[in-house]
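Straight run, no breaks: the sequence shown in our numbering ends on number 276.
Because the hints were derived from the structure by calculation, they are not lab data. Treat each hint with caution, since some may be false.
With beta-carbon atoms standing in for the labels, derived distance ranges [to be verified]:
| # | residue 1 | residue 2 | range |
| --- | --- | --- | --- |
| 1 | Thr124 | His200 | 39 to 45 Å |
| 2 | Leu226 | Glu265 | 33 to 39 Å |
| 3 | Thr176 | Val231 | 28 to 34 Å |
| 4 | His117 | Thr176 | 32 to 38 Å |
| 5 | Arg174 | Thr115 | 26 to 32 Å |
| 6 | Asp248 | Arg175 | 21 to 27 Å |
| 7 | Trp116 | Thr176 | 26 to 32 Å |
| 8 | Lys118 | Asp215 | 36 to 42 Å |
| 9 | Asn67 | Gly214 | 29 to 35 Å |
| 10 | Ile11 | Asn67 | 49 to 55 Å |
| 11 | Tyr238 | Thr124 | 33 to 39 Å |
The beta carbon of each residue, even a glycine, is placed where N, CA and C say it ideally should be.
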Amino acid sequence: MRDLFRFLHRIRSTLIFLALLVISLVLLYNGNAHHRAQAISSSNSVVGTIYTWRKEITDYTGLKEVNRKLAQENAMWRNRHISTYSTVESRFVRIQDTIRLQQYTVITAKVVNSTWHKPKNYLTLDKGSRAGLHGDMGVIGTEGIVGVVSDVNDDFASVISVLSPDIKTSVQLRRTGHFGLLYWDTNDPRTASVIDIAKHARVAVGDTVETRGGDGIFPAGIPVGLVEEVVDAPGSNYHGITIRLTEDMTRSGFVYVVEDLRRAERDTLQKANERP
């Protein structure tokens, strides 16, 4: 306490100056309308700036909830998009038109863990069997395909990333329709290879590669990548194609898990055809 008094005694001149300054400002504010208006204007500006900062901070902290809601809205949009429907014909339709039957549903999930620098890469989603997820469901992002669900428990799912040689997804060139398989053998998270496209197919740098569909995992027409390099090795009957993936696999975020509603029907028919 004695040290405090000594400190206050040492700065007594400064304290007296500040007290007189405050008194003079109060007298000036109360006795002059112009200065009072200026003070009010300045205080409003300061308060407005503080409120703006507070709003920006609260908006930033609320981005997680905003992103969740946007992902849900995107899932609803994808469920209504034409790519999730297949054309059917019905003898009960009296007009010369086509109707569509929904073939895919979409479930929103968030990536809680992922790898991209290993020989075989995986992702973990925050949804599991309680949300309707099961094995062999396709996973897509905002820009392209992500992977295939491999294992699930009640609340989480493991996904084999497209950055894994264990996945060979059927893809095609959007411009020509020639199809092959997506295969990750570049050890680069930004690129992958497309194999089994014959040399007679016309392939150009910049061509769009998309999912072919029909495998019960991904709908047709989902972006996969852009052709970056085409190499024709002597003695090979196929192009050596390197593509740049449209989906950035090095970042985490919301993804969409796709279920083919007609897969069981198609698989049953295919198994029947395979019987001797």
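Hints versus structure:
The supplied range of 39 to 45 Å is met by Thr124 and His200, whose beta-carbon atoms lie about 42 Å from each other. In this structure the supplied range 33 to 39 Å holds for Leu226 paired with Glu265, their Cβ-Cβ distance being about 34 Å. Look at Thr176 against Val231: about 18 Å separates their beta carbons, and that is not inside 28 to 34 Å. Take His117 and Thr176: their Cβ atoms lie about 34 Å apart, and the range 32 to 38 Å holds.
In this structure the supplied range 26 to 32 Å holds for Arg174 paired with Thr115, their Cβ-Cβ distance being about 30 Å. Separation of Asp248 from Arg175 is about 24 Å and conforms to the stated range, judged on CB atoms against 21 to 27 Å. For the pair Trp116 and Thr176, the beta carbons lie near 30 Å from each other, so the given range of 26 to 32 Å is met. At roughly 25 Å, the beta carbons of Lys118 and Asp215 sit outside the given window of 36 to 42 Å.
Roughly 32 Å separates the CB atoms of Asn67 and Gly214, a value that falls within the hinted 29 to 35 Å. For Ile11 and Asn67, the hinted distance range of 49 to 55 Å is satisfied, since their beta carbons lie about 52 Å from each other. Checked against the given bound of 33 to 39 Å, the beta carbons of Tyr238 and Thr124, roughly 35 Å apart, stay inside it.
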